[in-house]
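Engineer: What follows is each chain in one-letter form.
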Amino acid sequence: MKSFTKYLEFNTTKKIDFVLITDKIQKCIFDSGVKEGIVLVNPMHITVAVIVNDNESGLIEDYKRVLERLVPYKDNYAHNVGEDNAAAHIWRQLMGHQVTMAITNGCLDLGPWEQIFYCEFEGIRKKRVLVKIIGE
Amino acid sequence: MKSFTKYLEFNTTKKIDFVLITDKIQKCIFDSGVKEGIVLVNPMHITVAVIVNDNESGLIEDYKRVLERLVPYKDNYAHNVGEDNAAAHIWRQLMGHQVTMAITNGCLDLGPWEQIFYCEFEGIRKKRVLVKIIGE
Amino acid sequence: MKSFTKYLEFNTTKKIDFVLITDKIQKCIFDSGVKEGIVLVNPMHITVAVIVNDNESGLIEDYKRVLERLVPYKDNYAHNVGEDNAAAHIWRQLMGHQVTMAITNGCLDLGPWEQIFYCEFEGIRKKRVLVKIIGE
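Chains as they are written, first to last, in numbering that gives the first Met the number 0: chain E, 0 to 135; chain F, 0 to 135; chain A, 0 to 135.
Same shape as in the complex, but just chain E (with noise of 0.2 Å):
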């Protein structure tokens, strides 16, 4: 059995954005080795999800909408005692926080329309993505 692990960087000039990551992954999986396994996508950042949807903008805008109008960025919420991130870490609930994908032929094994996002919901500072890639 191979692992493989990397520890990427973002660091959005936005607070709350949406960064399209497929190919990263893939060079993680090139970088690898593995033929055939699985990728771990793991935000390490609790205001962070990773999903895996649509490269679509408009569907990025209905996101937000949803998500504001659901869990409002700025409203009372206990854990908001010195901070305001209280939203950010339901959010990254509601979109689920992490994803695995699986590794076939070398390459991410995708349907036509999957690409992998990081979803950045208390951004402008450094945070990192574990990616774990078992396999052979």
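None of these hints come from the bench; they were simulated from the model.
Treat each hint with caution, since some may be false.
To be verified - Here are the simulated BS3-like cross-link-like pairs (lysine-lysine), alpha carbons at most 25 Å apart as the crow flies:
#1 Lys34/F with Lys1/E
#2 Lys5/F with Lys1/A
#3 Lys1/F with Lys5/A
#4 Lys5/A with Lys34/E
#5 Lys34/A with Lys1/E
#6 Lys34/E with Lys1/F
#7 Lys1/E with Lys5/A
#8 Lys34/E with Lys73/F
#9 Lys63/A with Lys5/E
#10 Lys63/E with Lys73/A
#11 Lys34/A with Lys5/E
#12 Lys1/F with Lys1/E
#13 Lys1/A with Lys34/E
#14 Lys63/E with Lys63/F
#15 Lys34/F with Lys1/A
#16 Lys1/A with Lys1/F
#17 Lys1/E with Lys5/F
#18 Lys5/E with Lys73/A
#19 Lys63/A with Lys73/E
#20 Lys34/A with Lys63/F
#21 Lys1/F with Lys34/A
#22 Lys73/F with Lys63/E
#23 Lys34/F with Lys26/A
#24 Lys34/A with Lys34/F
#25 Lys1/A with Lys26/F
#26 Lys34/F with Lys26/E
#27 Lys26/F with Lys34/E
#28 Lys1/F with Lys5/E
#29 Lys63/A with Lys1/E
#30 Lys34/A with Lys26/E
Quick caveat, the model's predicted, so the values are computed rather than measured.
Put chains F and A on the given structure of chain E with help from the hints.
Structural biologist: Coordinates of chains F and A only, in the frame set by chain E:
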């Protein structure tokens, strides 16, 4: 290490539908010959979720009603230019898009009521689910 | 490849409760002897979520309030014939039902604030969480 890859096909007769797939996943595990490991069940289409929950028809009605109340299917979405599936994309994030399950002694290692469902939010067309098994 | 399986038992004293389990998962990793791999933490009961987020009591109060506002525990659910746990089933989907974490150098590979929680939405009875480790 062994690995096994299978693409399951679905084409629901309803636009929104919940299909029990536990037996299909168990069949993949038998076919893989893996006795100890994990199975990733990942829909390759981005308006589908794969979840684990109860096989009870009332609960499935409750999911639909709650999702429709939180994120109405027909509403004003930026994504819906030439399509009408923005809510389907968002529902799949709220429900949790994929699952990874354990394989123990050659079987799905399930609790008493755990069942795996294919949750279609934009059906009546052919879609695929990727089953990736690794183990030994 | 090594594999390791452990069933952790929980019986919360409150119907809705959040239990920090990071140390229990780390103990499983030590016991497994796996140095590089992944650990799947999957509740075997379908009104429970296992999540990764902040160990902060205010945030846990915020989760409860947001979940109750979005999907009230006592409401009119089709599932609630002889039971009252429909909302608990739905909460566990919204929060994300399971996590997979990386193992690096024999330890959980965690960011600075990542903590693993058992989130009970229908407690005061015995339930199990499956910990499955694969690696080498």
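Engineer: Hey, Lys1/A versus Lys1/F, does the alpha-carbon distance stay inside 25 Å?
Structural biologist: Holds. Lys1/A to Lys1/F sits at ~12 Å (cutoff 25 Å).
Engineer: Given the hinted pair Lys1/E and Lys5/F, is their alpha-carbon gap at most 25 Å?
Structural biologist: holds (22 Å)
Engineer: For the pair supplied as a hint, Lys73/F and Lys63/E, is the alpha-carbon distance within the 25 Å limit?
Structural biologist: Roughly 17 Å separates the two Cα atoms, so the pair holds.
Engineer: Please verify whether Lys34/A and Lys34/F have alpha carbons no more than 25 Å apart.
Structural biologist: The hint holds at about 21 Å.
Engineer: Has the given pair, Lys1/F with Lys34/A, been kept, meaning a C-alpha gap of at most 25 Å?
Structural biologist: holds (19 Å)
Engineer: Measure nothing beyond the straight line between the CA atoms of Lys34/F and Lys1/A; if it is 25 Å or shorter, mark the hint as holding.
Structural biologist: Satisfied, since the Cα-Cα distance of roughly 12 Å is no more than 25 Å.
Engineer: Holds or violated: Lys63/A and Lys5/E, Cα atoms, limit 25 Å.
Structural biologist: At roughly 35 Å apart (the allowed maximum being 25 Å), Lys5/E and Lys63/A break the hint.
Engineer: CA of Lys34/A to CA of Lys5/E, is that 25 Å or under?
Structural biologist: This hinted pair holds, its Cα atoms lying about 16 Å apart.
Engineer: Taking only the CA atoms, is the gap from Lys63/E to Lys73/A under or equal to 25 Å?
Structural biologist: Distance ~29 Å between Lys63/E and Lys73/A Cα, so the pair is violated.
Engineer: Would you check the hint for Lys5/A and Lys34/E, treating anything up to 25 Å between C-alpha atoms as holding?
Structural biologist: Cα-Cα ~29 Å, so violated.
Engineer: Does Lys63/F lie within 25 Å of Lys34/A when you go C-alpha to C-alpha?
Structural biologist: violated (43 Å)
Engineer: Quickly compare the C-alpha distance for Lys5/F and Lys1/A to 25 Å and report which way the hint goes.
Structural biologist: The hint holds at about 24 Å.
Hint violations for this structure: numbers 4, 8, 9, 10, 18, 20, 26 and 29, all remaining hints satisfied.
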